[in-house]
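> Okay, here's what each chain looks like letter by letter:
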Amino acid sequence: MTFFSSDISVLFEQPLFWLLLIFFACYYVGKSRALSLVNNQSRDLHSLPSYHGAYLGLWAVLPALGAWLIWVIVTPRIIENAVSSKFSDVLAALSLPQREAFLRDALALAFDGISSSTDKTRIAAGELVQQLSSQANLVLLIALTVMVVAGAVFAFSQITPAKRTRHVVERICMVALVAASGIAVLTTAGIVLSLVFESLAFFRKVPFLDFLFGLHWSPQGAFEAAGASEAELAEAAKRNGEVFGAIPLLAGTMLITAIAITVAAPIGLLAAIYLSDYASARVRGYAKPMLELLAGIPTVVYGFFAALTVAPFIRNFFDWLSIHTDEWFGFVIPASSESALAAGVVMGIMIIPFVSSLSDDVLNAVPQSLRDGSSGLGATKSETIRYVVLPAALPGIVSALILAISRAIGETMIVVMAAGLAANLTVNPLEAVTTVTVQIVTLLVGDQAFDSAKTLAAFALGLMLFCVTLALNIFALHVVNKYREQYD
Amino acid sequence: MTDTSFNTLQRTDIHTSEAARERLAKRYRKEAQFKYLGMGAVGVAVLFLSLLLFTVVLNAYKAFSYNYVNLPVTLNQSDIDPDQTGDLEVIGKANFGKIAKNSMKELLPFASGRKQRRALYGLMTSDLGIQVRQAVLDDPSLIGTTASIPVQLDDVADLYFKGDITPLRSIDVTGEVSTNGVEGTIEITSSSNDFAIIADAVSAHLKAEAARFELRVAAKERSKSRLQDQISEMGIRIDGASAGDVERLQNSLATLKSDFETASVQTERDIKKIAELNERISAAGSSEAVPSQIASFILKLNGGAVKVTSLAGDKIIGDVLIPLENGNPAAANQWSLVTLEKPEDNRKLSDRSIVWLDHLEKQGLVERKFNSVFFSAGASREPEQAGILGAIMGSIYTMVVTLLLSFPVGVGAAIYLEEFAPKNWVTKWIEVNINNLAAVPSIVFGLLGLAVFLNLFGLPRSAPLVGGMVLALMTLPTIIIASRAALRSVPPSIREAALGIGASRLQTVTHHVLPLAMPGILTGTILGMAQALGETAPLLMIGMVAFIVDIPGGPLDPATVLPVQIFMWADFPEPAFQQKTSAAILVLLAFLVIMNALAVVLRKRFERRW
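Protein chains in written order, with the numbering used here: chain A, 1 to 488; chain B, 1 to 610.
Just so you know, the hints here were simulated from the structure itself, not pulled from any lab data. In this text the structure is predicted, and so the values were computed from the model without any measurement. Mixed in with the good hints, there may be bad ones.
[Unchecked claim] Under the rule of at most 20 angstroms between Cα atoms (straight-line distance), these lysine to any residue pairs were calculated in the SDA-like manner:
1) B/Lys35 to A/Val283
2) B/Lys26 to A/Glu383
3) B/Lys115 to B/Asp345
4) B/Lys35 to A/Asn364
5) B/Lys93 to B/Asn76
[Said to hold, decoys possible] Which chain B residues face chain A? A few, computed with CB under 10 angstroms, are given here:
6) Leu37
7) Val44
8) Leu52
9) Thr55
10) Val56
11) Gly244
12) Val409
13) Ile443
14) Leu448
15) Gln531
16) Val545
17) Asp571
Virtual Cβ for every residue (Gly too), placed ideally from N, Cα, C.
Pulled out of the complex, with its shape left as it was, chain A reads as follows (with noise of 0.2 angstroms):
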């Protein structure tokens, strides 16, 4: 089997490994050096010997590996200012994707790949890019040697039996698990700049007001400035008002989530409330994890399931109901065939099981004393659930639909295979509309030049995305906070 059709010896070409290798070496070294010095009496030791060797090994690898990570960054920006600079000439008459697509063509003919061009400029652009590479490539080969070997020199030399490895492995461990949990900061902290960044850079190019409150959303007429001049931008901006209005998308968004809430609100809680407080356990058995399925089938297959089923018949159920209606009462239902309605209904179908398994958490936080003292009272279960339980679980199913909600304005493939690409400002469900994620795919799948504004409005729609979902949130969480009744 050919299934991994790289070769084994691409690994020795990977600085990582190298410096995995190094790291066991090293460690192994460390930790004999450490009980040689003690004649294997490692209680003589104030660390265990495998500290002393993870403290060797740390102190050869971890300044190469920072270097080769700060390499890997910066080197590609050299090389490409170096090619630019040399070749600044030829560059100068071409516009700006052309000059990112002249340097991914000199990238391309220097590695071997797939150049969309072979002229002279180029093949010497390439030439000089390889050259650039190899240079550098020994550099780094020689500067992570000089590290490694400087700093294992200088840990070997610094072990003796009482030197206290373990505090500083410990340390470093620390370090590495504050760090990880700085990641998640630091991808929300990353998630803003990078949204607000582009957002703003959108703004720039059409006013933030004609954005928001704009009735027209057409970006195919998106307009770029012919020059910098300011009559030229403000030109560029009021036209580009005109065709970046965000509220057909806004409204789409909310017609199709609210068709989905329509459609989950009711199964989902009903089910949630029949799986807790009535269903044998035998019926429960069978029928949570299929609820568990349904929350655990992508969301592509939905798309596919309402793109190729569900709009169709929906499609075809109005057109026989239009034979009837244009008998009896002399009008027809058109119903489009990338209807809201069938996005909706999928999309109701896919957050069923989020709606039942939230709320199935809320009604089962209800005290069990507030039932039997409603059983106690003669009410029935229904009337135990609708007077008792339900008023008490309230604020929490408000929270789980107000999530449930914030899920369905962030989904994307059911609507971006369903929905249509039109965005036409209805509410008639059996039309097409377009929704701010399908948007989002729609600017940015395809090649194009990044700062135009046809690119940058995604972003300024992705900052819309996030900031409502994040706002609901926030709301669900003060809901549950503000309106909890306290049992305890």
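Following the hints, put chain B in place on chain A, whose structure we already have.
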């Protein structure tokens, strides 16, 4: 309590009055209703699930097999390797496309003319030559023989054998037929009334046409009378109008009149058409063509096949698609009449191609095999050559990167937050952050990947490395939350015991707490990975939606993943791709089921409860 006293009570007690009993019955009714409502909700959810799975399976199972033709190919030494070098390179350069096409021609020699030849070659995959070449390269000893080489059919032809192109129906025949030729256009007569069914179908079509025209005439008549009303109304208005308005109104009147004229002309034309159709319907026995908007009728006799093109009384006139062996009359059990119920206009395979395919099948050359191409090929625009191996490899590389990044980082973060972090505003803020990240829409992670990994760091587009990084960030909250729950469930006594015998805090965690929490952590990780495996939207943002034919060989090669492949195929119009999409979904679901089952097993077998 005795019966008597109970009865007395019953009579006097207000709870047992007629009204009370009714109230109670109503309450019980409501109780039952509520219960059925809940049952219905569960039922609806389960129904949706079964409907979804049913649709997918129904579409998918056909994609797992494929029809091949064991094509007898004449591999002349002179065509392939004239110098008898035996060198594979020389052999590889031979024109196998031509050789294979010649073999097709030999197999179905009655295909004449360029158009028919093209239809003939169109029955097979466009890779015909390449597949023959591969077979010869695999076994050069075939050269100089007539080898039977399995080659794929075209996707539409394959669908025909799977029954997806048109329903076939045999018509019972009772008479003896005789022909006036074996080739070209021939006349066929039957001794009994066997062709009545064709005549019925044709006249039904004519009647339907006539009815359609009648509807149109009726609609036109309505609009004519409306126009008539408007014209007379306009006349009145002109009479009463002031001088200034007269001209404008007269113009309108002229327009209305010309509209009326047009409508009248059209109506008359339609009426004539109806009359003509009616005449044709009543004039049974005269010559009438069989239109291509209705089911096709194929006559099979004397080893040949004839397509019915027109009727002439009780005779039929037809095109010979496969020449008859002789012109002898055929008795009822020696010929057959088949109808292809989907009209030729509405399907992608012509009557001629279908007859040829039947001919190949009758010779025992068509064989349905397991569709190994589907599991061993990358993407392709041709349905028969498209497979999911490229996407599966892309998914594997992406998942490996995701696991390598998110598992250590997630577990590390969980250990820090659960075991070491001081309870202060910083750690609290980190916790809030993690919980919020879990609720961020996945597409936003894609935007992050695009802006940071691609544009800021300059990592390659479409690479599993970047996809894995984005998905790792996305699954991180899931893993952290699950790991923290698992760590929390390890009782403090374990920690105290370890600390008590002199372990450092880190040793306590790594030697005792972490191993005990591992099953829970792994369960959470597997569930997070399953979620990442099905994720599509963020990968669209970083260019993993590109059309990539090659199977990726590493995490830096451009690749696509299984869910994105499903997304791309779902957009292709060919029915064969619809089936492949469903099959790919089944493969994806299989992976997910395996992962979830693994998580369940881990939880059941190894998780300890204290």
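> The hint names B/Gly244 as touching chain A; please verify it with the least Cβ-Cβ distance against 10 angstroms.
violated, 38 angstroms
> For the pair supplied as a hint, B/Lys115 and B/Asp345, confirm whether the alpha-carbon distance does not exceed 20 angstroms.
Status holds; Cα separation ~18 angstroms.
> Next item in the hint list is B/Val409. Is there a CB on chain A closer than 10 angstroms to its CB?
holds, 5 angstroms
> Should the hint that B/Leu37 touches chain A count as held when the rule is a Cβ pair under 10 angstroms?
Since chain A brings a Cβ to about 6 angstroms from B/Leu37, closer than 10 angstroms, the hint holds.
> For the hint on B/Leu52, just tell me whether its beta-carbon gets within less than 10 angstroms of chain A.
holds, 5 angstroms
> May I ask you to test the interface hint for B/Leu448 with respect to chain A, counting a Cβ-Cβ separation under 10 angstroms as satisfied?
holds, 5 angstroms
> Does B/Ile443 hold up as a contact with chain A if the rule is Cβ-Cβ below 10 angstroms?
holds, 5 angstroms
> Would the hint on B/Val44 stand, with a C-beta cut-off of 10 angstroms toward chain A?
holds, 6 angstroms
> B/Lys35 and A/Val283: Cα distance at most 20 angstroms?
Since the Cα atoms of B/Lys35 and A/Val283 sit roughly 14 angstroms apart, the hinted pair holds (cutoff 20 angstroms).
> Any CB of chain A closer than 10 angstroms to the CB of B/Gln531?
Given a least distance of 8 angstroms, the restraint on B/Gln531 holds.
> Measuring from the C-beta of B/Val56 to each C-beta in chain A, is the shortest one below 10 angstroms?
holds, 7 angstroms
> Between B/Lys35 and A/Asn364, does the CA-CA distance stay at or below 20 angstroms?
Given that 20 angstroms is the threshold and the Cα spacing comes to 18 angstroms, the pair holds.
Checked against the numbered hints above, the structure violates only hint 11.
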